[in-house]
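K.L.:
Letter by letter, the chains look like this.
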Amino acid sequence: MTGRLTNFLVKFNSFAKHQVYFQIIHETLTLLFPFVLVGTYVDFLNQAVFQKNGFLNNIYHVKNWLPGFKLLANYLSLLDLSINGVVAIAVVFLAANLATRKNAYYNIAASLTAVFAFMIMNFNGSFLAYTGRQQVNKFLENNLSYNGCFLALVVGLTTGWIFNRLGARSKKKDPHLMLRTSAWIRYNILPIAITLMLFGMFSYAASFFGRTGANGLVSGLYELSFSNYEWILLTAVCAAFLSNGFWFLGITGSFNFSGINAGSTIQNLEYAIQHGSPWGAPNPITIHTLFDSFANIGGPGMALSLLITILLYSRNQNFQLVAKTSLFPSIFNVSQSLLIGLPVLYNPLLAIPFLLTPVASILITWCALKLNFMPPTVYPVSSSTPGLLIGWLGTGGTWQALLISIINVVAGIAIYLPFIILDNRIKSSRRGEIENEK
Amino acid sequence: MKNRWLYWILAIFLLLAVCLPAYKWNRSNITRLRNAGKTEMAPVIMVPGSSATQNRFDSLIAELGQEAPQHHSVLKVVVKTNGKVTTSGVINRNDNQPFIVISFQNNKDGKTNIDKQAVWLNTAVKQLISIYHFNHFSALGHSNGGLILALFFERYLKQTPALRVDRFMTIATPYNETSTSTVYKTSMFKELYNYREGLPESLVMYSIAGTENYTSDGTVPYNSVNYAKYIFQSEIRSFTEITVTGANTAHSDLPQNKQIVSLIGQYILRENFPKLNDQSQRRH
Numbered sequence: 001m002t003g004r005l006t007n008f009l010v011k012f013n014s015f016a017k018h019q020v021y022f023q024i025i026h027e028t029l030t031l032l033f034p035f036v037l038v039g040t041y042v043d044f045l046n047q048a049v050f051q052k053n054g055f056l057n058n059i060y061h062v063k064n065w066l067p068g069f070k071l072l073a074n075y076l077s078l079l080d081l082s083i084n085g086v087v088a089i090a091v092v093f094l095a096a097n098l099a100t101r102k103n104a105y106y107n108i109a110a111s112l113t114a115v116f117a118f119m120i121m122n123f124n125g126s127f128l129a130y131t132g133r134q135q136v137n138k139f140l141e142n143n144l145s146y147n148g149c150f151l152a153l154v155v156g157l158t159t160g161w162i163f164n165r166l167g168a169r170s171k172k173k174d175p176h177l178m179l180r181t182s183a184w185i186r187y188n189i190l191p192i193a194i195t196l197m198l199f200g201m202f203s204y205a206a207s208f209f210g211r212t213g214a215n216g217l218v219s220g221l222y223e224l225s226f227s228n229y230e231w232i233l234l235t236a237v238c239a240a241f242l243s244n245g246f247w248f249l250g251i252t253g254s255f256n257f258s259g260i261n262a263g264s265t266i267q268n269l270e271y272a273i274q275h276g277s278p279w280g281a282p283n284p285i286t287i288h289t290l291f292d293s294f295a296n297i298g299g300p301g302m303a304l305s306l307l308i309t310i311l312l313y314s315r316n317q318n319f320q321l322v323a324k325t326s327l328f329p330s331i332f333n334v335s336q337s338l339l340i341g342l343p344v345l346y347n348p349l350l351a352i353p354f355l356l357t358p359v360a361s362i363l364i365t366w367c368a369l370k371l372n373f374m375p376p377t378v379y380p381v382s383s384s385t386p387g388l389l390i391g392w393l394g395t396g397g398t399w400q401a402l403l404i405s406i407i408n409v410v411a412g413i414a415i416y417l418p419f420i421i422l423d424n425r426i427k428s429s430r431r432g433e434i435e436n437e438k
Numbered sequence: 001m002k003n004r005w006l007y008w009i010l011a012i013f014l015l016l017a018v019c020l021p022a023y024k025w026n027r028s029n030i031t032r033l034r035n036a037g038k039t040e041m042a043p044v045i046m047v048p049g050s051s052a053t054q055n056r057f058d059s060l061i062a063e064l065g066q067e068a069p070q071h072h073s074v075l076k077v078v079v080k081t082n083g084k085v086t087t088s089g090v091i092n093r094n095d096n097q098p099f100i101v102i103s104f105q106n107n108k109d110g111k112t113n114i115d116k117q118a119v120w121l122n123t124a125v126k127q128l129i130s131i132y133h134f135n136h137f138s139a140l141g142h143s144n145g146g147l148i149l150a151l152f153f154e155r156y157l158k159q160t161p162a163l164r165v166d167r168f169m170t171i172a173t174p175y176n177e178t179s180t181s182t183v184y185k186t187s188m189f190k191e192l193y194n195y196r197e198g199l200p201e202s203l204v205m206y207s208i209a210g211t212e213n214y215t216s217d218g219t220v221p222y223n224s225v226n227y228a229k230y231i232f233q234s235e236i237r238s239f240t241e242i243t244v245t246g247a248n249t250a251h252s253d254l255p256q257n258k259q260i261v262s263l264i265g266q267y268i269l270r271e272n273f274p275k276l277n278d279q280s281q282r283r284h
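Protein chains in written order, with my numbering: chain A, 1 to 438; chain B, 1 to 284.
Hints listed in this document are in silico derivations from the structure and should not be mistaken for laboratory results.
Computed from a predicted structure; not experimentally measured.
Don't take each hint at face value.
What the hints assert, rightly or not - Listed next, the stretches of chain A that the computed footprint assigns to chain B, with coverage defined by at least 3 CB atoms under 8 Å from CB atoms of chain B:
| no. | segment |
| --- | --- |
| 1 | 65-78 |
| 2 | 91-102 |
To be verified - When the alpha-carbon atoms are kept at most 25 Å apart in a straight line, the in silico BS3-like pairs for lysine-lysine are as follows:
| no. | chain 1 | residue 1 | chain 2 | residue 2 |
| --- | --- | --- | --- | --- |
| 3 | B | Lys24 | A | Lys52 |
| 4 | B | Lys116 | B | Lys80 |
| 5 | B | Lys76 | B | Lys24 |
| 6 | B | Lys108 | B | Lys84 |
| 7 | B | Lys116 | B | Lys84 |
| 8 | B | Lys111 | B | Lys38 |
| 9 | B | Lys38 | A | Lys52 |
| 10 | B | Lys24 | B | Lys38 |
| 11 | A | Lys63 | B | Lys108 |
Ideal Cβ positions, reconstructed from N, Cα and C, are used throughout, including at glycine.
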């Protein structure tokens, strides 16, 4: 049984790896990794040290002793917003570029068209409708960050596909094509016009449905179904599944649960403040106490577990490199580089544990809360608090919560381990094949 | 091998370097949250009963002044029938628990008047907040003053959502007017009962009854004071009934009754009164 399952997974993995578009996604993310890594460290510094509510700033009072704190903070905000804030534009350019790389005639044109098409898709529909005095942004800036990556890949690949279909299929290779203005225009004007108009129509249609553009349409639908619930455990599991599924597709951040049970979270906090202890808070089980505090350690998909598993067991050189470079920010729950570099995103083999680990954590946490082993997390923690400490600090320093966090991480490692070992085996067998061929 | 030990020591050192300050910050953050938003100033708002003037609590305040270790300044507020407010007295600059006596130009008895007085109380409190910027207070009502305060809490407190009531004490307040019955419900009681869900959940409440004999303090029936439980019990955080007997327990003497003065000090002011509850040694 296990053998057959392993076989299936191996086959599926190699099948996916041989798909052209899958390869393109993989290469896009690989090429992007150095930028993402820089961006992640900038993000980490900005979030943890230079934000007013940053974890390291809070515990070491950096603000009080570091000269030029405000200047550095502004400098890092600038870097953060202009690297991480527009990363999806790079994704769409790369995806279209790689999709059309075999054809020098329209390679550049396709990449540029994709960038325009992506901006079209992120046009803010309410900019047209709004007549009041308040300024509305022309573009949905939030969708240009990591949460726009999925849309960026779709737009990039679609543009590439259109160009591959419609672009000039000249047999003659002409390296100076770009210098010959008339030819360049003649070859490219049709696919450029068609692509831009097509995405324009999509974007316009999407703006009728929601104010958040095409990206918001996808996540908005799912968020709706969570606004009202009685079966919190079930919803938490679904939320984890969906949220991580979206991470997997690259739609991050747009999925924000914090507002949904803000009411019960405030009730818990009020109770704890009045009684001086989080024990017996009125709403022990919420998305916040289950998912945010205990099932997101290190980042989506219990990234800390994945990281530890790779560092200890993986023989994959790439995995090792990514894990080592991402270790430090991941401890503080800043984990874009890990998730893009591995790539957990779009890696079918890691998809399974990536979706399963948070669910396991939620179940463990739920049992602990139901059995009254630990109090719920009620106190607010600073942003970029190390995932492992969120439970401990959120409950006001109860050791039971720390223990549950550690158990969750260990459980995560146990779930990731078989898949990392499988990856090791695939790698070694592939190396064997290559050696045999020689 | 040596290297490995070094790594472990470094790891443990880093762990402590993060966890200890994190824990310290967490503690101080929780303390900060606990005090968050509460202003230093928390006045005690006193409302006298019907037919009583702004000077009704003077003897009580004098008694409290003798007993209380801290000095409390007194502000007297009279609300005119047109909603205008006149004041006398001042709140000292460093006084965080001043007494504010709110009385009404129309201080007549009867449900319609009490309904109006609750509205006037609301206007007065709103004005006081805009001047003194407090966001929590304790309240003391004597006789019908308790009804006015209770109505204010039930119906009008939500107009100022940031305002919290810490503790509330009523002295001989006839929640069922002057009815001695244990079954008959007066219209005043019905109104208080119907709006009881408006009471703030965090309210800590003390209802004091005085008795000269087994049925009343001479004016207000014991059974009427007892009706408080139908309004407050299980609607607020805690509800305590206290019955005071002995010397000076006639209705109008109650505010300056020694026992009640010490109860006010204990529960409303929360100060250490000398010889608390020790009535036997201070016979007059």
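K.L.:
None of the hints should be skipped; say for each whether it holds.
P.N.:
These are the hints, each one checked on the structure:
1. Counting residues of the segment 65-78 of chain A whose CB falls under 8 Å from any CB of chain B gives 0; the rule of at least 3 is not met.
2. Counting residues of the segment 91-102 of chain A whose C-beta sits closer than 8 Å to any C-beta of chain B gives 0, which falls short of three, so the coverage hint is violated.
3. Restraint check: the Cα-Cα separation between B:Lys24 and A:Lys52 comes to about 17 Å, which is no more than 25 Å; the hinted pair holds.
4. With a C-alpha separation of about 11 Å, the suggested pair B:Lys116 and B:Lys80 falls inside the 25 Å cut-off, and the hint holds.
5. This hinted pair does not check out: B:Lys76 and B:Lys24 have alpha carbons roughly 45 Å apart, beyond 25 Å.
6. Simply put, B:Lys108 and B:Lys84 have alpha-carbon atoms about 18 Å apart, close enough for the 25 Å limit, and the pair holds.
7. Between the alpha carbons of B:Lys116 and B:Lys84 the distance comes to roughly 14 Å, so the proposed pair stays at or under 25 Å and holds.
8. Between the alpha carbons of B:Lys111 and B:Lys38 the distance comes to roughly 34 Å, so the proposed pair goes past 25 Å and is violated.
9. A threshold of 25 Å between alpha carbons decides the hint, and for B:Lys38 with A:Lys52 the separation of about 23 Å falls inside it, so the pair holds.
10. A threshold of 25 Å between alpha carbons decides the hint, and for B:Lys24 with B:Lys38 the separation of about 23 Å falls inside it, so the pair holds.
11. Note on A:Lys63 and B:Lys108: the hinted pairing is violated, with a Cα-Cα distance of about 60 Å set against a maximum of 25 Å.
In terms of the numbered hints stated before, the structure departs from hints 1, 2, 5, 8 and 11, listed from lowest to highest.
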